[in-house]
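What follows is the residue order along each chain.
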Amino acid sequence: MDLAFSEEQEMLKKMARDFLTDKFPKTAVKEIEESELGYSPEIWKEMAELGWMGLVFPEEYGGAEMTFLDLAMLLEEMGRACLPGPYFSTVVLGGLPILDAGSEEQKQEYLPKIANGEAIFTLALTESSARYHAAAIEVKAAADNDAYVLNGTKLFVPDANVADYMLVVARTDEKSRGEDGITIFIVDAKSPGISCTVLKTIANDKLCEVVFDQVRVPKGNILGELNQGWSEVKKIIERAAVGKCCEMVGCIQQALDMTVDYAKERKQYDRPIGSFQVIQHYCVDMITDVEGTRLSAYQTAWMISEGLPCTQEVAIAKAWAGEACQRVMALAHQIHGAIGVTIDHDLQYYTRRAKAAEVTFGDASFYREIVAQEMGL
Amino acid sequence: MDFELSEEQHKFRQEVRDFLEEELKQGRWQPSCDAWIMGFDPAFTKRVAQRGWIGLTWPKEHGGQGRSFIDRLILTEEMLRYGAPAACHWFGDRQIGGAIVHYGTEEQKKELLPMILKGEAYVGLGMSEPDAGSDLASLKTRAVEDGDYYVIDGQKTWTSGGSYMNWIYLVARTDPDALKHRGISEFFFETSLPGINVVPIVDITGGVHFNEVFFENVRIPKKCLIGEKNRGFYQILHQLDYERSGMERLMANYPLFEALIQYAKETKRNGKPLSEEPVIRAKLAQLKIELEIGRLHMYRVAVVMDEGRAPNWESSMSKAYGTAFEQHLASAAMEIAGLYGQLSPESKWVPMLGMAYHSYLSSKGYSLQAGTSEILKNILALRKLELPTG
Ligand SMILES: Cc1cc2nc3c(=O)[nH]c(=O)nc-3n(C[C@H](O)[C@H](O)[C@H](O)COP(=O)(O)OP(=O)(O)OC[C@H]3O[C@@H](n4cnc5c(N)ncnc54)[C@H](O)[C@@H]3O)c2cc1C
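Quick note, the sequences are listed as chains A and B, same order.
Every letter in the first sequence is one number past the one before it in the working numbering, and letter 353, counting from 1, is 894.
Every letter in the second sequence is one number past the one before it in the working numbering, and letter 364, counting from 1, is 984.
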């Protein structure tokens, strides 16, 4: 067992932190969040030049051929920096599934575009039931000559407002309500019949309602197998859950660091509040939660990197992370006092993101059920 | 022992409900969370005043109704249950009127109490400062005697309702040479005086309800001093027991509780209402259990006050307990809403009118305002359990 990062990984981490700290002071985060696009095209280009979009893709598709574990470290830093924009959507939700399940032709067409920052991807999975179960997929795709015709509404689709392509999870076999009969399509987001409404959210990200009205998608745009898409969707959800856990590690680590600094600095009753035992214990509870989240997040990231099955580990990690984040943020607020419940204080960025991350790609009750199943219950 | 309310009290509750139902029927306001501190509605306050429902517990000779604290609890419980916009009169009614009754001169009582009773004085509480939060006694705002005046200089912060207030209750240092606690006095004066500058602070929900208040060379007549000079800190300790004692520490976001129950009944998942899912049923039932335990705490505080004692540990217990409940409620609502919980009140598809979202963020402050839960627990450890200090 070896829990240390390699030298190259440490370098990547440092480079990422320096870049993100430089580019995303909270004033920039705020401005980008409030902008219509929700990301900065200039910085996006720079990130592509750094090789971040293609980090995990093989060199033949313009990538740097690094591992999911390397990506995990980058995601942690992005969580720490509150990076706004479609990186997660493009790489984790769009690129990796294509690498995983795409035909050679699809890989050649799309991955280089992602790697060089030309194309933004997202995943249109959840619907009005807001659940990550196969039965929740009701958007229909009906065969019509050489195409499929999509109809229905997707909800909580991240970054659809700027996406060039969406992976759309749709039901191709109307007779089935379960895992069979689901297919993933690579859809040009500018196709006629697609309309997108940006929702207003706690994380100030761009979650969208996307309505498909008679949207024609060529048959060649099926990702993976017809009617057998759900097994890939499960992998997408698992990978995304791990990615979220890594972002959450960055998020709560930063909240912890800010809080410990504040506890040392803020004086009441002529002493630092961090000298009160209750505050010390709160900080210790926080770091215990952060470390548990970190260990389990990296365990799963490593397992994915190594291609090991990790359904139970992912379920444990995400169930834990979601609730640990809530505990950590609650204590961070309690220790910060009134200054922390103002919009001008940086803490609120983390509070908001931690809440969104908790429910995205499965909340604790969703994963507890999976753990129970894994236990043979 | 008797846990039952009297027949008059039941009737009174019904009377308050009828009034609030009628208000709703007239469409005069929408129920909302935090309306006791964020819902500023002068006309509503006037209508409440006309019924004699401000100053309910004050002695009759001072224009009050001489009624019990239980009666007031019933009144405030219903106000909170309906999410009524009572912020204009809340502080004056809850603690400042009482402080004037207790510490004020006859002249002050005659002059000041009627304004509160009529619902015309919107009172802000000027206690906290940037460097004096929990440690209130370290406050620096000065009040210096100058002939018939005190001259106020300094800064307050987190003043709830600061942008609406027309009167402020201020604590300031009157003797810089004395020990911290022994050089503080309390004042009550109008905020239209020159030299007062109110700067709103945007809170974590994006709303504005607390403010910075700057005082520069503000001259207030000496008669604005409430109680004894340099004894202000001890007076405040007494007032804080009242500030902490109320139903708003348990039911500030009660409208969310009802909205959540309705949401769970109406929202179907797998063809079944959420309320039939065991995990969710258990969550909702647990909230109800916590709420009812909280109500018992609150009623106990009122009983203590009716017995003529200051609820000096009971209110610390009920406030720390109650605000934790309010936070549980907000978190549970967010959990039950799942992905929908992320949606802000102005978003398409938002459930529960955005109350879960609002409360989730806003409730972070509940366990800070009017004494943090840690300070309250310190008080309990010392005053109630008589544990030794370090
Ligand atoms: C929504 C809201 C409304 C408010 N409205 C008003 C208002 O109208 N008027 C007004 O005057 N003030 C108001 N306040 C301010 C409130 O009274 C203060 O926030 C509170 O007293 C705590 O002070 P602080 O925020 O400076 O935190 P600090 O006192 O700096 O406390 C920071 C942390 O240290 C802990 N701590 C401090 N001392 C100790 C100790 N001895 N032992 C253990 N832990 C300790 C605290 O519990 C907290 O966790 C409001 C605050 C909020 C959040």
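Derived by calculation from the structure, the hints in this document are not laboratory data.
Treat the hints with care, as some may be off.
The list that follows gives simulated cross-link-like pairs (lysine-lysine, DSS-like), each with its CA atoms no further than 27 Å apart [stated by the list, open to error]: (1) A:Lys808 x B:Lys997; (2) A:Lys681 x B:Lys888; (3) A:Lys564 x A:Lys586; (4) A:Lys681 x A:Lys731; (5) B:Lys800 x A:Lys805; (6) B:Lys738 x B:Lys680; (7) B:Lys666 x B:Lys730; (8) A:Lys775 x B:Lys666; (9) B:Lys888 x A:Lys808; (10) A:Lys681 x B:Lys903; (11) B:Lys888 x A:Lys716; (12) B:Lys908 x B:Lys997; (13) A:Lys805 x B:Lys968; (14) B:Lys760 x A:Lys808; (15) B:Lys738 x A:Lys681; (16) B:Lys968 x A:Lys731; (17) B:Lys666 x B:Lys631; (18) A:Lys775 x A:Lys716; (19) A:Lys731 x A:Lys760; (20) B:Lys738 x B:Lys666; (21) A:Lys571 x B:Lys885; (22) B:Lys908 x B:Lys631; (23) B:Lys760 x B:Lys738; (24) B:Lys888 x A:Lys775; (25) B:Lys800 x B:Lys738; (26) B:Lys968 x A:Lys741; (27) B:Lys885 x A:Lys741; (28) A:Lys716 x B:Lys843; (29) A:Lys716 x A:Lys648; (30) A:Lys741 x B:Lys1004; (31) B:Lys730 x B:Lys888; (32) B:Lys666 x B:Lys729; (33) B:Lys729 x A:Lys805; (34) B:Lys903 x B:Lys892; (35) B:Lys760 x B:Lys997; (36) A:Lys805 x A:Lys716; (37) B:Lys800 x B:Lys997.
Computed from a predicted structure; not experimentally measured.
Now the hints, each set against the structure:
1. Restraint check for lysine 808 of chain A and lysine 997 of chain B: the C-alpha separation of about 19 Å stays at or below 27 Å, so the hint holds.
2. For the given pair, lysine 681 of chain A sits about 21 Å from lysine 888 of chain B by alpha-carbon distance, which is consistent with the 27 Å threshold.
3. Distance check on the hinted pair: lysine 564 of chain A and lysine 586 of chain A sit about 12 Å apart at the alpha-carbon level, within 27 Å; holds.
4. For the hint linking lysine 681 of chain A to lysine 731 of chain A, the alpha-carbon distance of about 19 Å falls within 27 Å, and the restraint holds.
5. Taking the CA atoms of lysine 800 of chain B and lysine 805 of chain A, the gap is near 23 Å; set against the 27 Å cutoff, the hint holds.
6. A C-alpha spacing of about 14 Å is found between lysine 738 of chain B and lysine 680 of chain B, which places the hinted pair at or below 27 Å, so the restraint holds.
7. With a C-alpha separation of about 20 Å, the suggested pairing of lysine 666 of chain B with lysine 730 of chain B holds against the 27 Å cut-off.
8. Using a Cα cut-off of 27 Å, the hinted pair lysine 775 of chain A and lysine 666 of chain B is violated, with the two alpha carbons roughly 59 Å apart.
9. Taking the CA atoms of lysine 888 of chain B and lysine 808 of chain A, the gap is near 51 Å; set against the 27 Å cutoff, the hint is violated.
10. For the suggested pair lysine 681 of chain A and lysine 903 of chain B, the alpha carbons sit about 35 Å apart, so the restraint of at most 27 Å is broken.
11. Distance hint between lysine 888 of chain B and lysine 716 of chain A is fulfilled; the C-alpha atoms sit about 22 Å from each other, no more than 27 Å.
12. As the CA atoms of lysine 908 of chain B and lysine 997 of chain B are separated by approximately 24 Å, the hinted pair is consistent with the 27 Å bound.
13. Between lysine 805 of chain A and lysine 968 of chain B the alpha-carbon distance is near 43 Å, which puts this suggested pair outside the 27 Å criterion.
14. The suggested pairing of lysine 760 of chain B with lysine 808 of chain A holds, with an alpha-carbon distance near 15 Å, which does not exceed 27 Å.
15. This hinted pair does not check out: lysine 738 of chain B and lysine 681 of chain A have alpha carbons roughly 63 Å apart, beyond 27 Å.
16. Our distance criterion of 27 Å between C-alpha atoms is met by lysine 968 of chain B and lysine 731 of chain A, whose separation comes to about 22 Å.
17. Under the criterion of a C-alpha separation no larger than 27 Å, the hint pairing lysine 666 of chain B with lysine 631 of chain B is consistent with the structure, at around 22 Å.
18. Taking the CA atoms of lysine 775 of chain A and lysine 716 of chain A, the gap is about 21 Å. The hint holds against a cut of 27 Å.
19. Using a Cα cut-off of 27 Å, the hinted pair lysine 731 of chain A and lysine 760 of chain A holds, with the two alpha carbons roughly 17 Å apart.
20. Distance restraint check for lysine 738 of chain B and lysine 666 of chain B: the Cα-Cα separation of roughly 7 Å lies within the 27 Å cut-off, and the hinted pair is therefore satisfied.
21. Between the alpha carbons of lysine 571 of chain A and lysine 885 of chain B the distance comes to roughly 38 Å, so the proposed pair goes past 27 Å and is violated.
22. Annotation: proposed proximity of lysine 908 of chain B to lysine 631 of chain B holds, straight-line Cα distance about 24 Å (limit 27 Å).
23. For the hint linking lysine 760 of chain B to lysine 738 of chain B, the alpha-carbon distance of about 34 Å lies beyond 27 Å, and the restraint is violated.
24. Taking the CA atoms of lysine 888 of chain B and lysine 775 of chain A, the gap is about 24 Å. The hint holds against a cut of 27 Å.
25. Annotation: proposed proximity of lysine 800 of chain B to lysine 738 of chain B is violated, straight-line Cα distance about 37 Å (limit 27 Å).
26. Proposed proximity of lysine 968 of chain B and lysine 741 of chain A is supported: the alpha carbons are some 8 Å apart, at most 27 Å.
27. Between lysine 885 of chain B and lysine 741 of chain A the CA atoms are separated by roughly 25 Å; this keeps the pair inside 27 Å, and the hint holds.
28. For the hint linking lysine 716 of chain A to lysine 843 of chain B, the alpha-carbon distance of about 83 Å lies beyond 27 Å, and the restraint is violated.
29. Restraint check for lysine 716 of chain A and lysine 648 of chain A: not satisfied, since their Cα atoms lie roughly 31 Å apart, outside the 27 Å limit.
30. For the hint pairing lysine 741 of chain A with lysine 1004 of chain B, the CA-to-CA distance comes to about 47 Å; that exceeds 27 Å, so the pair is violated.
31. Distance restraint check for lysine 730 of chain B and lysine 888 of chain B: the Cα-Cα separation of roughly 59 Å exceeds the 27 Å cut-off, and the hinted pair is therefore not satisfied.
32. Restraint check for lysine 666 of chain B and lysine 729 of chain B: satisfied, since their Cα atoms lie roughly 20 Å apart, inside the 27 Å limit.
33. Using a Cα cut-off of 27 Å, the hinted pair lysine 729 of chain B and lysine 805 of chain A is violated, with the two alpha carbons roughly 46 Å apart.
34. The straight-line distance between the Cα atoms of lysine 903 of chain B and lysine 892 of chain B is roughly 17 Å, inside the 27 Å bound, and the hint therefore holds.
35. Between lysine 760 of chain B and lysine 997 of chain B, the direct Cα distance comes to roughly 26 Å. Compliance with the 27 Å bound is thereby established for this hinted pair.
36. Among the hinted pairs, lysine 805 of chain A with lysine 716 of chain A is inconsistent with the structure: their alpha-carbon atoms are about 62 Å apart, more than 27 Å.
37. At most 27 Å may separate the alpha-carbon atoms for a hinted pair to count; lysine 800 of chain B and lysine 997 of chain B meet this at roughly 22 Å.
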